[in-house]
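The task is simple: from the sequences and hints, build the whole structure.
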Amino acid sequence: MLQMKDVCKVFRTELVETHALNEFSLTIDEGEFVTITGPSGCGKTTFLNIAGLLETLSTGQYLLDDIDVSTLSDYQRAKLRNQKIGFIFQSFNLMPDLNLFDNIDVPLRYRGMKAAERKERIDEALESVGLFARKKHVPSQLSGGQQQRVAIARALVGNPLFLLADEPTGNLDSNTAHGVMDLLQKINDDGTTIIMVTHDQDLASQSKRNVHILDGRISSSDLTTVNENAEPRAVFA
Amino acid sequence: MEIGPILRAMIRNKLGAVLITLQIAFTMTVVINAIFIINERSNLMARPSGLDEANTFYLSSVGYGDEFNGVVTVRDDLERLRQTPGVVDATVTNAIPVSGSGSNTGVRLVDDEAAATSFAAYYRVDEHAIETMDLDLVAGRNFAAEDVQWRAGSEAITTRELIISQQLANNLFPDREPNGVLGETMFINGSEAHQIIGVVEQLQGPWPSNSSVELSMLQPNSSVGSSATYLIRTEPGQRDRLMAEVEEMLVASNSNRIIRDLMSLEQTREGSYRIDSAMSTILWAIIITLIFITSMGIVGMAVFGINRRRKQIGTRRALGATRLEILRHFMVENLMVSTIGVTLGAILTIAFSIVLTSSFNMPTMAWYYTPLGMIALILIGQVAVLGPSSGAARTEPAIATRSI
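So the sequences go chain by chain: A and B. Be aware that the first sequence starts at 1, since it is given in this note's numbering, and climbs by one per residue. Be aware that the second sequence starts at 1, since it is given in this note's numbering, and climbs by one per residue.
A few of these clues could be false.
Chain B regions said to be covered by chain A (calculated; three or more residues, Cβ under 8 Å) [claimed, not checked]:
1) 40 to 50
2) 320 to 333
3) 387 to 400
The calculated lysine-lysine pairs, modelled on DSS-like cross-linking and capped at a C-alpha distance of 30 Å, are [claimed, not checked]:
4) A:K114 x B:K311
5) A:K135 x B:K14
6) A:K119 x A:K186
7) A:K84 x A:K135
8) A:K136 x A:K79
9) A:K119 x A:K136
10) B:K311 x B:K14
11) A:K135 x A:K119
12) A:K136 x B:K14
13) A:K114 x A:K135
14) B:K311 x A:K84
15) A:K186 x B:K14
16) A:K84 x A:K119
17) B:K14 x A:K114
18) B:K14 x A:K119
19) A:K84 x A:K5
20) A:K136 x A:K186
21) A:K84 x A:K136
22) A:K5 x A:K114
23) A:K79 x B:K311
24) A:K186 x A:K135
25) A:K114 x A:K136
26) A:K84 x A:K186
27) B:K14 x A:K84
28) A:K84 x A:K114
29) B:K311 x A:K119
30) A:K79 x A:K119
31) A:K79 x A:K186
A partial selection of chain A residues facing chain B, derived with a Cβ cut-off under 8 Å [as the list claims (entries may be wrong)]:
32) G52
33) N93
34) V138
35) P139
36) G179
Derived by calculation from the structure, the hints in this document are not laboratory data. Bear in mind the structure is a predicted one, so any value in this text is a computation, not a measurement. Where is the CB? At the ideal position from N, CA and C, for every residue including glycine.
Structure representation (structure tokens):
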């Protein structure tokens, strides 16, 4: 589903050249729940940006659902993001001036879906996160945990190939964070692949596999003890 | 299209949009009415006087001393002028069209002071006036030399022939063709009965701002005293040269007079319409300033809105928006603000126009001003917001994951 081989990402300024990812290779299969951990500046967010087609890679190969994304135009990458990837951000990234219904509607509109189908999907997504009754509310009327559940509903509403979560519990208290993690676990149990960047080892231990990054390279890729029955995945490292 | 969500978001965050909407409405009201006023002024200024203005000039001769003989001088001067190479013709006159200075009189069809009276300007000229002024005689005949009365001082007028403008003929005899008014009698200067012998297509009076500027007539007589005004038409391109030459020639021909007020008809027109012209310039300055300020307001609101929502734009890009869709989002947002603004502006424009019409006796504004103004302001808004929107469209989706 997601294959990166020898991916490099170099940021250049006039004075400095930074290798954010260096010969980074990773394969993630359908149905996995993979956490990406590592210290600050190790390349977690760069990996997430490249995996989510938010940034281009400098060298190497990235196959997303067998499509070589390095050859795609900006337009094609936008369309691929819309159809294949669901994003969950640390700060939720909801539109403050839009109500919950319109927030979840955003990716579906970019897909050009008919209004009736959009409404059906949005209602279903809001039901799944327990916020259907508040669909006319704006994000500021919700708690942090509720806002993140809306963001999860928005990520799920388009039936993506996988979810990319960037520190999804980073702005939440521990109780709420556990609630969000439980929700993500349930979503994964229902068959959705999840790739989650986090610095929280406790949360990482709740996933099926943890990939640890150090200096732009994978330092370890281990199955976590929670998922004893899971099959090990091939890793390029 | 995201009209629904954009509108709902705008309602939740309405202060900026309301201010720009009001600015657009106010701008449209002022701009459309100002353009209408300018067009009205331009139409007035563009009205032909009936004369060959580009090739015509005039000057005044003022005699002094006991040796000065007005009648002889005028006849000699006219003879010299007509024989000057490059001069088409010359006449003596009591007034100059569009100059702002002249004479008029009440005109009636019956000798009854209670009867309806029109006021018409009159030019006291000789038989060369039609050729000098380059007037188009559409009916009747020109004055003959023997029709012209050369009067000394306050000698009574004995001539009874008149050539009138077609507009005056239409006013007096609404249902008649120009030929149909020939031979009719008009009473002017009280009870003086005069006969219409000719009709010219157009001849404006001396007062351009007067509503009866098109009502005028020629009388075949000239009061010759110490001063006289000569109107001279030249061949095309000869005017400026001849203005200097003629002045010099007349000065040299008689040492008992001075020449003054040498001026072309174009200069006269420019002077007479100077206030209208200045008003148009001021109104254009107001229009340009208002449009500039409004455009800057739209740009400012767009830039502020885009900067405020930079992370939202990145998020939209991350969720699958193409650059074109981001561009369209902000263009549609502006289109909606502009549409509300110009709709409100249209109501204000029409209301303001009604006030102008009723208060200042202005003509009614043509229907197309308002829709054209609406379209123009919407286009200006779209052009103004294009730059900021293009900048927004270049936002990288990776901004969505940054802590900004």
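Okay, the hints, checked on the actual structure:
1. 40 to 50: Result for this restraint: violated, n = 0.
2. 320 to 333: holds (count 6)
3. 387 to 400: Satisfied; 4 residues make the cut.
4. A:K114 x B:K311: Status holds; Cα separation ~27 Å.
5. A:K135 x B:K14: holds, 21 Å
6. A:K119 x A:K186: holds, 23 Å
7. A:K84 x A:K135: Judged against 30 Å, a Cα distance of about 25 Å means the pair holds.
8. A:K136 x A:K79: holds, 28 Å
9. A:K119 x A:K136: holds, 13 Å
10. B:K311 x B:K14: holds, 20 Å
11. A:K135 x A:K119: Since the Cα atoms of A:K135 and A:K119 sit roughly 11 Å apart, the hinted pair holds (cutoff 30 Å).
12. A:K136 x B:K14: holds, 18 Å
13. A:K114 x A:K135: holds, 19 Å
14. B:K311 x A:K84: The hint holds at about 21 Å.
15. A:K186 x B:K14: violated, 40 Å
16. A:K84 x A:K119: holds, 20 Å
17. B:K14 x A:K114: Answer holds: B:K14 to A:K114 is near 29 Å, not above 30 Å.
18. B:K14 x A:K119: holds, 26 Å
19. A:K84 x A:K5: Measuring from Cα to Cα gives roughly 20 Å; hence the hint holds.
20. A:K136 x A:K186: holds, 26 Å
21. A:K84 x A:K136: Distance ~27 Å between A:K84 and A:K136 Cα, so the pair holds.
22. A:K5 x A:K114: violated, 38 Å
23. A:K79 x B:K311: The given pair, whose Cα atoms are some 19 Å apart, holds under the 30 Å limit.
24. A:K186 x A:K135: With Cα atoms ~22 Å apart, A:K186 and A:K135 stay inside 30 Å; holds.
25. A:K114 x A:K136: holds, 20 Å
26. A:K84 x A:K186: OK: A:K84 and A:K186 at ~20 Å, within 30 Å.
27. B:K14 x A:K84: violated, 35 Å
28. A:K84 x A:K114: holds, 19 Å
29. B:K311 x A:K119: holds, 26 Å
30. A:K79 x A:K119: Within the cut-off at roughly 21 Å; holds.
31. A:K79 x A:K186: It holds: about 27 Å lies between the C-alpha atoms, which stays within 30 Å.
32. G52: holds, 7 Å
33. N93: With Cβ-Cβ at 4 Å, under 8 Å, it holds.
34. V138: Because about 7 Å separates A:V138 from the closest Cβ in chain B, which is inside the 8 Å limit, the hint holds.
35. P139: Violated: closest Cβ of chain B sits about 11 Å from A:P139, beyond 8 Å.
36. G179: Cβ of A:G179 sits 23 Å from chain B, so the hint is violated.
When each numbered hint is compared with the structure, violations occur for hints 1, 15, 22, 27, 35, 36.
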